[in-house]
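Enquirer: Spelled out, the chains give:
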Amino acid sequence: MPPQRRPAATAELSTLSPLGLTPARAVWIALLVLVALVAIPIALRNQPYFLNVLTNACALAFISLGVWVTFSIGRINIAQGAFAMIGGYTTAILSTRYGLSFWLCLPLSALLAAGIGALIGWPILRLRGVYFAMITLSLTEAVRLAFLNGGEFTQGATGIVNIPRPAGIDDAVAFYLLAVVLLLLGLLAVWRLSTSRIGWVFRSLRLNEELASSIGIDIAKYRVIAFAFSCAVGGAGGAFFAAFLQNIYPASYSVVDSINFMLYCFLGGLEFVLGPVVGAFLLVIGFEVLQGLQEYQSLMYGILMIAVILWLPNGILSLKLRSREASAVDPDVEPVAAPSDTAAGRTGG
Amino acid sequence: MEQVLINGVVLSANYALIALGITLIFGILGILNFAHGQMFMIGGFMVYYVYAVFGLPYLLALATAAVVVGLIGVGFEVLFFRRVLRIAKREENSMLLAVGTALLLENIALFAFGEKQRGVPPLVGGVFRIGDAFLPTGRLLVVVLAIVLIAALLLFVQYTKPGRAMRALAQDREATLLMGVNVDRISALGFGIGAMLAGLAGGLLITISAVNAGIGTVTSIKAFIMIMVGGAGVVAGAILGAIVLGFAEAIGYALIPGSMTYLLIFVGLILFLIIRPQGIMGKPWG
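Protein sequence lines, in the order shown, are assigned to chains A and B. With the first letter of the first sequence counted as 1, position 268 gets the number 456 in my numbering; the numbers rise by one all the way through. With the first letter of the second sequence counted as 1, position 80 gets the number 83 in my numbering; the numbers rise by one all the way through.
In case anyone wonders, no lab produced these hints; they're calculated from the structure. Among the hints, erroneous ones may be present.
Stated by the list, open to error - Distance condition first, Cα-Cα at most 25 Å in a straight line; then the derived SDA-like pairs of lysine to any residue: (1) B:286 with A:316; (2) A:409 with B:274; (3) A:409 with A:395; (4) B:286 with A:399; (5) B:286 with B:269; (6) A:409 with B:281; (7) B:286 with A:402; (8) B:286 with A:398; (9) A:409 with A:315; (10) B:286 with A:338; (11) B:119 with A:485; (12) B:119 with A:345; (13) B:119 with B:157; (14) B:119 with A:491; (15) A:409 with B:277.
Chain B on its own, in the form it takes in the complex (with noise of 0.2 Å):
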């Protein structure tokens, strides 16, 4: 019973910076990046090389990947996404966009990296015990620095002048826009955080599990359902959604078979949705 907690927690802290990644991007820029996946997993990737190929020390590598995929993220907003938002017909345009980005990270990570399937070793040795249940060290590391990360990210929005401005950007654009904010700027920045959150979280996670090429996709689909089940745009309700996933996969892996866990957990965010399409804490779509 603890081991399941104990890993709802480990599971939940992870996929908190995932949402919260996607959600201040969604916020922002309206955009649901749909290569939030890919981007966790290049930032996988980029610990491993630093970290177990390079020796570096893992703090470095930690950065490398959140410097890594934070330039992708303001490559794709400034290269891609700007032009196409200010072109964009239909609102179809911006959201194949980033299908599109999805496939062609996931294509470029394959060649890169290859198919195989990389880890780390285990950053500190140790297990504790708390009941019945095991906690390595090194999954409590990994937890520390995912909730302080978290924090640092909403510090930062809540009282920095560029996180306030992205604050607003979400609010209301064009008042924004009034206000003589550079909206460009902080467009492109509010994606490079939003990515650079993912890459942070796939550097985190490499550590517990291992990360392949083709984790782009399933990723994404986690990040979509919490962000279903905690409301698009909204930081409380990412990290809602982070919990009630994180939880739910805990208890699922451990009560009933492999595969099943995740079929059970569609089945009940479609019949969630049918109550409250919007999520928990999500404005009404119109």
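Chain A extracted, bound-state conformation (with noise of 0.2 Å):
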């Protein structure tokens, strides 16, 4: 077979390492930045259904990123829609219950999202491979039954309706600005997190667990710090959809809606932080403009999946950036070979 110049790494790097922020770059960012949050309300202030695609997109694409982060440990995620489920019945209950102000839902939502995906994590993150996405899959339809026998506490099918918005936020431009920032704050997070210490060792968790945990990694606790991270931010995203659908039953995320956010952050490509956000947005923004194909839109979906995978592997944004990293070694393709290469080269073989 013949090497493969799959320029992945350098393409991890070049959009990862702090030495990614060129100048170039950072300007191209600050203008998206103030497109988002100042253009795009200004143009589109009379617009609301416009503005609410976008918001749907942006929320979208913040959940979207926790199911990223999962996959950069090396874990098919299919539960995030279970914890978007949480976090979305957490809101609807404290805020119409205790009257709890969404500011404090919020961050409320997000810990006890993050906190059962640690407790449940803990042990299921053991499993790899299909066993996770089986297991994962299982959760969303158990937290979809939980909340449909929750009785009482749930209101089972007839779910939890009028949730107040958000103090402040009454209309759709206010709706759109919390969604950017929102997925502004998330990115940041992302990006962070993937070119801080931590990233590089969800990095080695995905390529090689054993070795990883040979070097002195403590790759349970890691996995866990991953997972969590990932049903924080879905339970925040959750919290939002609530608020901002003023509704949540529990049919609100299945299954198919846990496959949607993995298939976001794949159209967008794997190996960038950007991958969810490309993914969700083209797909959403899409769907709108095609109108007159939204019932077939699952339809797509499947076969956007299949035709991904069997052509574009790697992602939209693989394509932009193959043309300028062409020589770089990519660790997918030997992931034992290059550190047993670099130890043995250090220690003169």
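Once you've looked at the hints, go ahead and assemble the two chains, each given alone in its own frame, into the complex.
Expert: Take a look at the structure:
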């Protein structure tokens, strides 16, 4: 088989290392943030429908960031819908029944989701590959059933409605800005996480857990940290949607939603922090534009998933960054060879 | 009490077909067939159309279900999985492909068959009485057919040349290649047979309970539970998992209200996996 020259590693490095923030890139980022925070709200201030579409995309991208983090430790997480549900219901119950302000509910939802994630994650993160995927899929269903059977506490199938809007957030523009801020904060957190030492630990977990453990990394602890972070993000996103849609039902998040979050990450590119954002925006806005195809949405998602895996397995962003760096070692091809090579080289063979 | 046992047996026999199918595919190809539930559903619909709508004999309907779903399985392997397994750098790719195929099948089925629940008239009339319990003859027939099919599969895998090739592939891919086995053909055959088993299970189960286009995901989850409990890739594990789930469901539905049953099953599953993550008979997942 010819050596594969996928520049995945340097693509990672260039977007994730501190050196990745070149002046040119910083300007681009500042520009995008400006557009998102200022230009769009002004331009669309009389079009609440389009603002809501963008709000939806931002929030879904935010939740998908969590799935991205679990991908970065080499796990396929199909449970994000469950944690969005947990976060949503936490906010719903706290705000409707106990009158807590949304601004309190949001961090509480994130914390509760992270706590439950850490508790369940501790044992199940021992599983890998298909086993982990299967158990997380079952988790999404289990949480849905739990809320369906919650009796008085969760109101069962009728769900919780009339969830109050956050204080000060009254119209589409305000919700949009909230979603953008949430997404930007999430991106900042994930980017910082990836470029920090923890990020490299995550990468080592993805490539070879045994090797990471053998050099002294506490793999159990870091796995749980990654998963808890992912669940926190899911919970916060769920809290946002609960306040945005002002309702939540056991049917709000299902296996299909968990799979969609995965799809957004995958479409954008699993190697890139911006991957889930690109994927979410592309699909959400794309389907809005193709209004007539809305009933075929699920079918097209399926076809898209298959097409992307067949022909674009590294995601859309990999197209852009492939041309620039062509001579990198792809850690995914020879995960064991690379570390042992450098080790051998360093110690003189 | 006897009713619960009888229900358990009926469910287990049917579920065993499903579990064997998905474990076969996993054992040979290392792929978790997310679309297994959808294949089960399509099998049921095939029987509905051939038997209930066109009025043809039931066994012909069952054979149609087997052939159609088996061909879908072969098609997936040849068109999608073969290529991805060859070029995949991350193991997640084949699983995401499987998820994609599940979405694809589910939505095609929705368009083709509509959203209505479908059932077929019972195969035979009459009811057996065993102690306090009732066993409709139709259900007994399903159990018998299921057991016959399972036995046929086990004999096939154990004693025929392609069956041995499949077992070899499951044990050691490289050695099998060295032995000159046409791995491509055996892989396609394996996927096809695994899919066929799901389709047959659907065709059998539609005579007992109704089928609609949305049961794919639920059935896939049941398949996952069975192989998680019994151990993936191991035939005995699949049957064991089916027995556990079949009886758990029968006991659960008899004692506690509807959706609580599966909630408890999930909680039990997670607790079980904490103690034994690879399932009862599974190989330790390295």
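Enquirer: Is the hinted pair residue 119 of chain B and residue 157 of chain B satisfied, with a Cα-Cα distance of at most 25 Å?
Expert: Violated. Residue 119 of chain B to residue 157 of chain B sits at ~35 Å, over the 25 Å cutoff.
Enquirer: Would you mind confirming whether the straight-line C-alpha gap from residue 119 of chain B to residue 491 of chain A stays at or under 25 Å?
Expert: Within the cut-off at roughly 24 Å; holds.
Enquirer: Going straight from one Cα to the other, do residue 286 of chain B and residue 269 of chain B come out at no more than 25 Å?
Expert: Distance of about 22 Å is within 25 Å: holds.
Enquirer: Check the hint pairing residue 409 of chain A with residue 274 of chain B against an upper bound of 25 Å on the C-alpha distance.
Expert: Roughly 20 Å between the alpha carbons, so the hint for residue 409 of chain A and residue 274 of chain B holds.
Enquirer: Check the hint pairing residue 409 of chain A with residue 395 of chain A against an upper bound of 25 Å on the C-alpha distance.
Expert: holds (17 Å)
Enquirer: Are residue 286 of chain B and residue 316 of chain A close enough, with their CA atoms no more than 25 Å apart?
Expert: holds (13 Å)
Enquirer: With the threshold set at 25 Å, check whether the alpha-carbon distance from residue 409 of chain A to residue 281 of chain B stays at or below it.
Expert: holds (21 Å)
Enquirer: Are the Cα positions of residue 286 of chain B and residue 399 of chain A separated by 25 Å at most?
Expert: holds (21 Å)
Enquirer: Within a Cα-Cα threshold of 25 Å, do residue 409 of chain A and residue 315 of chain A meet the stated pairing?
Expert: With a Cα-Cα distance of about 14 Å, the restraint between residue 409 of chain A and residue 315 of chain A holds, given a limit of 25 Å.
Enquirer: Taking 25 Å as the top limit, are the C-alpha atoms of residue 409 of chain A and residue 277 of chain B close enough?
Expert: Holds, because 16 Å separates the two Cα atoms, which is no more than 25 Å.
Enquirer: Below or equal to 25 Å on CA atoms is what counts here, so check residue 119 of chain B against residue 345 of chain A.
Expert: With a Cα-Cα distance of about 22 Å, the restraint between residue 119 of chain B and residue 345 of chain A holds, given a limit of 25 Å.
Enquirer: With a cut-off of 25 Å on the C-alpha distance, tell me whether residue 286 of chain B and residue 338 of chain A pass.
Expert: Violated, at about 37 Å.
The structure does not agree with the numbered hints 10, 13 stated previously, though it agrees with the rest.
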